[in-house]
Amino acid sequence: MSEKTEDEQDEKSGIAAFRARIDEHPTWRRVWRIGVGVLGTAVLVAGIVAIPYPGPGWLIVFAGLAILASEFTWAKRVLSYARGKYDAWTEWLGRQHWAVKILVLLATAAIVVATLWLLNAFHLVAGWVGLQHWTWLESPIFG
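Numbering-wise (the working numbering), the sequence shown opens with residue 1 and increments by one.
Take these hints with a grain of salt, some might be off.
Below, simulated SDA-like cross-link-like pairs (lysine to any residue); rule was C-alpha separation at most 20 Å, straight line [as the list claims (entries may be wrong)]: (1) Lys85 to Gln96; (2) Lys85 to Ala66; (3) Lys85 to Val100; (4) Lys76 to Phe62; (5) Lys101 to Val113; (6) Lys85 to Val113; (7) Lys101 to Thr90; (8) Lys76 to Arg30; (9) Lys85 to Ala69; (10) Lys76 to Ala88; (11) Lys76 to Ile48; (12) Lys76 to Asp87; (13) Lys76 to Ala42; (14) Lys101 to Trp117; (15) Lys76 to Val100; (16) Lys101 to Ala69; (17) Lys101 to Ile111; (18) Lys101 to Ile51; (19) Lys101 to Pro56; (20) Lys85 to Arg95; (21) Lys85 to Ala50; (22) Lys76 to Trp32; (23) Lys85 to Ile60; (24) Lys76 to Val45; (25) Lys85 to Val45; (26) Lys76 to Ala66; (27) Lys101 to Trp58; (28) Lys85 to Val49; (29) Lys85 to Leu59; (30) Lys76 to Ile60.
Calculated directly from the structure, the hints in this document are not laboratory data.
Generate coordinates for the entire structure from the input sequences, incorporating the hints supplied.
Spelled out as structure tokens, the structure:
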């Protein structure tokens with residue numbers, strides 16, 4: 001057996017021992033599950049918010065679901081379903097004509113622009129460059 005494999009086994013047995021100690025105490029188990037639930041939900045929500053923006057939005061969503069799936073069986077099912085749908089979407093989009101790809105890109109850009117406008121980002125930047133009199137840049141929510 002190689003050193004790396006032994007180290008990996010030691011790490012896995014360490015994680016298993018840690019989980020076994022938690023599972024021995026109902027209070028610790030409950031606290032652990034609540035912590036995993038809060039952390040996983042926070043990561044999942046951050047990922048959902050980040051989906052339309054450039055960057056790893058879907059990766060963050062899947063990370064949040066994976067955190068939740070470590071403790072909750074419903075999250076395992078949702079993670080499996082979401083991965084399947086994501087893969088199907090990317091395969092479908094890959095087969096489409098360039099015009100469809102451009103339309104998807106434009107729709108994504110429209111979502112980003114609308115979100116930035118609603119969060120008052122445009123008016124904030126306009127104030128930095130002396131265009132605060134352009135009131136149409138103000139958010140209807142935060143303006």
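Okay, the hints, checked on the actual structure:
no. : hint             : result
1   : Lys85 to Gln96   : holds, 17 Å
2   : Lys85 to Ala66   : holds, 16 Å
3   : Lys85 to Val100  : holds, 19 Å
4   : Lys76 to Phe62   : holds, 11 Å
5   : Lys101 to Val113 : holds, 18 Å
6   : Lys85 to Val113  : violated, 26 Å
7   : Lys101 to Thr90  : holds, 11 Å
8   : Lys76 to Arg30   : holds, 19 Å
9   : Lys85 to Ala69   : holds, 17 Å
10  : Lys76 to Ala88   : holds, 18 Å
11  : Lys76 to Ile48   : holds, 17 Å
12  : Lys76 to Asp87   : holds, 17 Å
13  : Lys76 to Ala42   : holds, 17 Å
14  : Lys101 to Trp117 : violated, 24 Å
15  : Lys76 to Val100  : violated, 32 Å
16  : Lys101 to Ala69  : violated, 32 Å
17  : Lys101 to Ile111 : holds, 16 Å
18  : Lys101 to Ile51  : holds, 17 Å
19  : Lys101 to Pro56  : holds, 19 Å
20  : Lys85 to Arg95   : holds, 15 Å
21  : Lys85 to Ala50   : holds, 18 Å
22  : Lys76 to Trp32   : holds, 17 Å
23  : Lys85 to Ile60   : holds, 16 Å
24  : Lys76 to Val45   : holds, 17 Å
25  : Lys85 to Val45   : holds, 19 Å
26  : Lys76 to Ala66   : holds, 7 Å
27  : Lys101 to Trp58  : holds, 18 Å
28  : Lys85 to Val49   : holds, 18 Å
29  : Lys85 to Leu59   : holds, 14 Å
30  : Lys76 to Ile60   : holds, 16 Å
Of the numbered hints stated above, those contradicted by the structure are hints 6, 14, 15, 16, listed in ascending order.
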